[in-house]
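Asks: Quick note, the sequences are listed as chains A and B, same order.
Residue numbering for the first sequence follows the working numbering, starting at 1 and increasing by one per position.
Residue numbering for the second sequence follows the working numbering, starting at 1 and increasing by one per position.
To be clear, the hints were calculated from the coordinates, so they are not data collected in a lab.
Straight-line C-alpha distance at most 25 Å; calculated DSS-like pairs for lysine-lysine:
1. A:K105 with B:K34
2. B:K64 with A:K75
3. A:K105 with B:K64
4. B:K64 with B:K49
5. A:K105 with B:K65
6. A:K75 with B:K2
All of these numbers come straight from a predicted model, not from anything done at the bench.
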Amino acid sequence: MLDRDEDILKAAEDWQKAGRGVALATVVETWGSAPRPAGSSLVINDEGTFLGSVSGGCVEGAVVTEAMDVIQSGKPRMLEFGVADETAWNVGLSCGGTIRVFVEKVG
Amino acid sequence: MKLEILHELNAERAARRAAILVTDTENGEQRLVKAADFAKDPLRAELDKQLRMGKSANVEAGGKKLFLNVYAPTAKLVIVGAVHISQALAPLARSLGYDVTVVDPRTAFASPERFPDIPLVAEWPDTALPPLNVDAYTAFVAVTHDPKIDDPALLHAFERNCFYIGALGSRKTHAKRGDRLRAQGARDTDIARIHAPIGLAIGAVSPSEIAVSIMAEITAVLRLPPKEKEEAA
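My request is simple: use the sequences and hints to build the entire structure.
Replies: Quick look at the structure:
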């Protein structure tokens, strides 16, 4: 019953139906002060357009790049990101966090 | 994610029904479990717990590492009565993540000046409530003190199986309300669902404090497992 920005799942379905390659990236685990909770997700299409977020901006670029590979290969992968202390401070976190992100192809 | 799973998940979300997506994080295998099917699922205890907490989590079961991604509808709060308490309750509930609507046929009460930015319906409950899609993810409070408005609203809340139903009034007022509702066809089990006097007993005096006690009670009903819930009430 939480507030979640899940229209991205609708976008995932619409993009896929429109013939685009689509991947979904989901935060599955967090340690320390991670910016977005488990379950947060990001949807990416093969043009590099994405909606949603997994970290509030720190690692989206890397996730999108990996997602392109996943769209190509069709094989899911697990990514792990440590948010360095300095970066964490810059994005407004009081200490570093680590997140694991599951990236899978849609369709 | 397979397209049929995504399609099914989106259909559940659109219908405001909860579901949990179970992903084996080692091999990517997935299945969607609809809330209606939790009871017969081998992971039912975990599914129930995560849905209640509204929180996605990793679990280990049968030697598998599974990620349970919870998709629950946004909770709604319907406040019948645009009274002083509601002016404090509406923004408080919104800050807790609820979609809030205030209903009161009395236009002097249901005015945008008194409720800036809060959706208002200045109609009688019979007209106002059906389009609001009141459901099991809705908390419902009746605070007008006027049986002409509160009673039909409560009957609607029973019918829609709201997860929380509260009504303002002392024990004496509430006993009379029970008699009236029974006369209109409500069952004893329906009446027993009403939290009255409304709110946790925290000695609340001001409208804002009463709003806190109401939201504390709604939170307890939403989050606590059934046994602890009884203790808190």
